[in-house]
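Asker: Sequence:
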Amino acid sequence: MKQGSSLPSHDWDKHEKVIVFDGVCNFCNAFVNFVLERDSRGLFKFGTLQSQPAQDILSHLHLSTQDYETFLMLEHGKVFTKSTAALKIFRSLPGAWPWLYAFIIIPRPLRDMVYSFIARHRYQWMGKSDSCRVPTPNERTRFI
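Take any residue in the sequence shown, count from 1 to its spot, add 53: that is its number in our numbering.
One or more hints might be untrue.
Label-pair distances were calculated between CB atoms; the ranges are [what the hints assert, rightly or not]: (1) H115 to S93: 35 to 41 Å; (2) S93 to D120: 30 to 36 Å; (3) E69 to T118: 21 to 27 Å.
What the hints contain is simulated information worked out from the structure, not anything from laboratory work.
Every residue, glycine too, gets a C-beta built ideally from N, C-alpha and C.
With these hints in hand, go ahead and build the complete structure from the sequences.
Answerer: In structure tokens form, the structure reads like this:
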């Protein structure tokens, strides 16, 4: 999949930046919590890969709709995956986090190898929930 590919019109077009993550992955949920705590401007919305809009996007991109190997970062109708998605998220956070975007100079295949290693072991390291993450009342407006 080419990074920055345009998506056909979908339910989440109205949001500027959407992080689409594996809702049962504890590692992924920890990353969502990390972003929520730092995204003081409320730039990001969140959706799960298990949701129907995400399933439609995954199908369109010819990515697995069951065995998730990446999360998605949707930005202005374009989609990013794996390490590129993570770096684009860090770039949008306040403080020193945007400095991590400098790793974009590392060739994507090398960055994605590291990302894929972490993705393969995430359940082993941090476990898996029986159901998708339920946002707290304060977080509900951030989840779509």
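Asker: So, against the hints stated earlier in the document, which numbers end up violated here?
Answerer: none
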